[in-house]
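Mind docking chain U on chain F? Use the hints.
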Amino acid sequence: MKSILILVALLSLTACSKVWAQERLAVMPKEQSAVFKKYCFECHDSSTQEGSVDLETIPTEISKDIQTAERWAKVLNVINSGEMPPQDSEQIPDKEKLDFLEELSGQMVLARKILSDSGGKITLRRLNRREYQNTIDSLIGVRPDTSNLPDDQASAGFDTEGASLFFSSNQLELYLDSARRSLDFALNSSSKVKSSTKRVEPEETYTPHYTAYLKELKTRISNSKAFLASPDDPPEDLGILDAYQARKQMRNAKHWVPQLEEYVGRPETKTGATMILTIKEGGITKIKLPAVGAHAYGRYKIRVRAAAYKDAPVRFQYLEFTSGTPRERHHMGWRKVHGTLEEPEVIEFEFDHQPGEKQVYMIHQRTHQDRGDKNLWTLHQQENGLGTPPGVWVDWAELIGPQPFALRQRDEILFKRPRGWSEKKYVTEVIRRFATKSFRGTKPDEGYLEKLVERFQLLRGEGNGFRKAIVDPLAIILSSPNFLYMVESDGGEESLTAHELANRLSYFLWSTTPDQELAELAESGKLSDPVVLRQQTDRMIADPKFDRFIRGFVHQWLEMERVDMFQFSGAQYPEFDNAVRANAREELFSMVRLLVKDELPLKDLLHCNYVVINDLLAEYYGIENVEGHEFRKVEVERDSVRGGLLGTCAVHVMGSDGIRSSPVERGAWVLRHLLNNPPPPAPPNVPQLSRLDGKTLPVRKLQRAHQEQPQCAQCHQKIDPIGYGLENFDPTGAWREVESVSFGRSFFGRKKAKEFEIDTRGKLHNGRTFSNFTELRDAIADHEEDFARGFAQSLIAYGLGRPYGFTDEPLCDQMFKQAAKTQYGVNEFIHALIQSKTFTTK
Amino acid sequence: MNNSRRTFLYSVTSAVALPFLPSLGLAAPAKYRIAAPSSTPPKRMVFLGIGFGVTADRWYPDVDLEGAKYELPKLLKPLSRHKDDITIIQNLMHQYSADGHAGSTFWLTGANRYAVAGQSFHNTVSVDQVAAEILGTDTRFTSVQLAARGAKNDGHGPGLSLAWNRSGKPVAGLDTPVAAFHRMFSNDATPLAQRQKILNDQRSVLDTVLSDAKAINRKLNKPDANKLDEYFQSVREIEIRLAKEEKWLAVDKKKPTKPLSEPGELEGIEEIRMMYDLMVAAMQVDASRVFTYRMPANSMIQSLGATMSAHTMSHYSEGERRTVSQNRDTAHAKLLAEFFDKLKASKEPDGSSLFDHCSITFGTNLSSVHTLKNCPTLIAGGGSGFKHGRHLVMDNPKTPLCNLWLSTLRGSGIAAESFGDATGVIHELFEN
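Residue numbers (the working numbering), protein chains in the order written: chain F, 11 to 852; chain U, 512 to 943.
For the record, the hints were derived by calculation from the structure and aren't laboratory data. In this text the structure is predicted, and so the values were computed from the model without any measurement. Warning: the hint list may mix true and false statements.
[Claimed, not checked] Derived BS3-like pairs: lysine-lysine, alpha-carbon spacing no greater than 30 Å straight-line:
| id | chain 1 | residue 1 | chain 2 | residue 2 |
| --- | --- | --- | --- | --- |
| 1 | F | K84 | U | K766 |
| 2 | U | K853 | U | K766 |
| 3 | U | K663 | F | K555 |
[Said to hold, decoys possible] Away from chain U, derived, C-beta distances all over 12 Å, residues of chain F:
| id | residue |
| --- | --- |
| 4 | D64 |
| 5 | E112 |
| 6 | D161 |
| 7 | R209 |
| 8 | P245 |
| 9 | H340 |
| 10 | H348 |
| 11 | R477 |
| 12 | P483 |
| 13 | S534 |
| 14 | S579 |
| 15 | E634 |
| 16 | H639 |
| 17 | E647 |
| 18 | S650 |
| 19 | K827 |
All C-beta atoms, glycine included, are put in the ideal place defined by N, C-alpha and C.
For reference, chain F alone in the conformation it holds in the complex:
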């Protein structure tokens, strides 16, 4: 009884959660306790206590307190690691050991959850990195560079979790520094840059460049020949050291000459540039647009007159638009070229250049992340004598802009000074208004405001202009706790104030500060009306800023950082390039976006007869008749392997390591995110299985060892079969009929491979059997309700800023019921959470 009381005290104090808390105990069940007694008590009962370990007194209620949980964790660890029972004692038979370990690891996870339950408490939380950036952008119209700030996604869970959002002293300085720079830009930069059109004719660069290089290569060949003709007494002015160098130089030059000869021989290179992938002299052919400086911010348009070589692989018939420094490129987008040499087309691409940024924008062919393009060129050269065939020709490219942004925020911050106001009166009001807005409804302290005004006066007194002197006080506001933290005062009242509600709502759906409409509804108190709240929620979901929810939430919910975790060899997987990776990521966002826009059922993510793709992914998936780079709904056959998350490239890329598919990662991912039945974390100290090391075997055979020992089998019997059912997807998410396992030395990034049959047969743990991928998909789709609950739990964690705990179960039930009416529509889940008592109270 006492333990229950403690637990209740730990959890929330509301009547409702008490009931739940009492039901939630992590306990070692009787059958397993018997195993425990039988095999452990011989040495570790109260009278023997070998190694001073007395297991007889250990409470069966694992979640009793932290000390008890800790003792059980040790029991689990020593059995997992094989340390106990000792080799000279009676061993636990495999079946009993398996059940015991499975039960204990499950109960351990439960106990950790119970003991770390925040009891419904939402901790005061700092704005995370994304929110900070968006909020500054909303307030001053400049998007700060936040790459120096800690990435708040590094810790487990969501980046909205207050308790995990630390604050360290160097952060305070980084905030100040970042705010000063952004404000200086927002208030002092003058976009004097007039819009203009700058045209680049690439043949002016490339034709002479390649012609000269060709000439040089030919000279090298003739010099090498001359050297080798009389190696004992070679002419000295050739710049060649020895015969080795001469031969190597000649061999390399001969590799490159044919492609360059072909290049300069093409008539179209007199008037434009053919994009080739060379491995020398500057790498790939790229159109470099004039650099854009910090002050030339605004909207730009790139126009390119281009043609595609229709005989080239379709992957090469694209233009890739990138930004960044010449060393570090960021991908902005891709456009397919449809024009021909006879009839080139003009392609347009628009983008924003942010204030304070310096960028070099470039256009080139699709690239790989690693040395893939170089390796592929060599492999192609050996096949065709020329290298990678060109896919696109560019006549010219134009950079048009900037179309300046309206600096609305600047005019608001430095509102027009009313006639007759002294500078002090004016600046006091500027600071007060900015602080009030930045503090999201909290009235700034008078003493604090005075200090800021004093700071302004001090700087002004030192000879700074008004706009320079105001930067610092405003930057201090943007580094103060009322701005950096989501302050909800503990006034003794249960309900949130209207402003606090507006803040929660706005950060949940937009990851930024409330807009004017929301702020006004908060000010008038109308937002607390459930009808108004619902209308506002709908308005916010329809707003473009909702994209931040899609990206922020979906990315973390599905653990999408794994999409970018591994390098794939471009030579081994030529189709999987930077473009496919980026668009595969985008596909997942587009799927959820469509669910919201068309109010489709959540279970479509498990299986549906459509995909949300663009031209580039359609080609990757082998789906025809999709034109254009926008993502849209495309119907597929009911038995297509695409349709639903399990048919996407991204999900399978996440479940591989860049070399092979990983049934373990894939199976665990499905359990965590689709079946809402997460396996316990990988146990420490389990000996690595090495029986099959170094053998070239299909993945299923390699992992057979997982079933051989109870320590491994307890989890892997649940995880691995799901992964095997997904084995028809290769590491890059492409469909395969056989598993190809590479081995031996790599030759320009490519290896030899053995092929193996794929065996996809399996059974969900305590569930349906399946013989292939589509049957597995159907079996998983049966778990629509588990999936919906998992979704609701993640939404609660993200929206409330704390890990999902047992105290949230009634809330989860309520959301689940409400959303059931719309076949678990995303929008209804969001409404249900926002309308809940938990969301609207402290």
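Relative to the frame of chain F, chain U by itself:
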């Protein structure tokens, strides 16, 4: 020397507990300092964390060959010339660590992540920060944290560097050689009066943000006030640092004897080598006495030609993964040997070397794959008075790693009563 140290070691248990300093990084009161004659070169400490574990079956020496007669494993051959000055210890571990992907989060702390009810993450102060409270009082930088970019997938686990402050919050690291270079060696060309003014300005900024923090604090409940306390503590930390900066204001940052130029963009092996060079240079000019370095793993193996990820490598099996893993271990040994060369070559005024007064620990909380037992531990240097040239295998396979941290502290003259879950010092380290 040895005798007096031993007397000290055995008497310290009755000494006053190292106080839980309410303000972080605060200079410890003089009475807790071990008075050292000014002619003695200062003690220093370096902790080098590699993230994912080593190739365990080939990295550790044979357990049957203990003491001085052990053979250095082939993977560690580059360290042969330093064999007499290093010690490899087996069977050290943290009893609470259970995360098979976190080699650094609790490495220097030994904390139990779940120790606090209602929280899913908890940590405590790291050993380097305890040392810095004493060793760092007389240098410009109380301690220096080095790290690397992209650490998320390097097997380090949560944190910003190896260091955690007195409240168990992560301490930020300098994550490129360029940043470290500028922090430690670049002189500000601004005139002194101007810099004094900047300091005063910074104080007034702190004073202003504090007035806002106090306004909030009045209306918060206790748990929220505790969270906001992180902000107050940050302000306090900066105040302490500003006070120190003021003390050093008129003193130019010293240039190391061998002039260093600003490093370029380095990655992997070259980046690690440069960070080692920067630490040596910082010791030469006595910029700091306590260093931690959370080293890169992915960029390191990539600079060795690997195309797989460090995580893939950590699950080594026969074939390419093992090759990459072993190459990485040997590359680390080579870099470490060069680091020792340079420390030995740098002389103190009394003719001894930096190495003689420095206590270096190289390792991680993971031995290999997901195993957290027998943490790889290689120690070197004369800073803590350890007797080197040996292979120690602890009898108890669960000897707390914190025993080593406690030994390192006490051996360096820091009167810590205990550290983490330490059960005592490792006597073997001090014995012949």
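| query | So is F/S650 really clear of chain U, every C-beta pair being over 12 Å apart? | reply | The claim stands: F/S650 keeps its Cβ more than 12 Å from every Cβ of chain U (closest is about 32 Å).
| task | Would you check whether the claim that F/D161 is not at the interface survives, using Cβ distances to chain U and the 12 Å cut-off? | result | With a cut-off of 12 Å, F/D161 comes too close to chain U, as the shortest Cβ separation is near 7 Å.
| If you draw a straight line from the CA of U/K853 to the CA of U/K766, is it 30 Å or shorter? | Measuring from Cα to Cα gives roughly 17 Å; hence the hint holds.
| field | chain U versus F/E634 - minimum CB to CB distance exceeding 12 Å, so not interface | value | holds (34 Å)
| said: Quick check for students: does the CB of F/H340 sit more than 12 Å from each CB in chain U? | reply: Holds: least Cβ distance 16 Å, greater than 12 Å.
| message | Please verify that the nearest CB of chain U lies beyond 12 Å from F/S579's CB. | response | violated (6 Å)
| task | Determine whether the non-interface label on F/R209 survives the test: each CB of chain U must be over 12 Å from its CB. | result | holds (33 Å)
| Proposed proximity, F/K555 with U/K663 (alpha carbon, max 30 Å) | Given that 30 Å is the threshold and the Cα spacing comes to 28 Å, the pair holds.
| request: Test the statement that F/E647 is away from the interface with chain U: the closest C-beta pair must be farther apart than 12 Å. | output: Non-interface label on F/E647 holds, nearest chain U Cβ at 36 Å vs cutoff 12 Å.
| Does the claim that F/S534 lies off the interface hold, with its Cβ farther than 12 Å from every Cβ of chain U? | Given a closest Cβ separation of 23 Å, the condition holds.
| message | Is the claim that F/K827 lies outside the interface with chain U correct, judged by CB distances over 12 Å? | response | holds (28 Å)
| task | Just double-check F/H348 for me: nearest Cβ-Cβ distance to chain U has to come out over 12 Å. | result | holds (35 Å)
Comparing the model with each numbered hint stated earlier shows that hints 1, 6, 12 and 14 do not hold.
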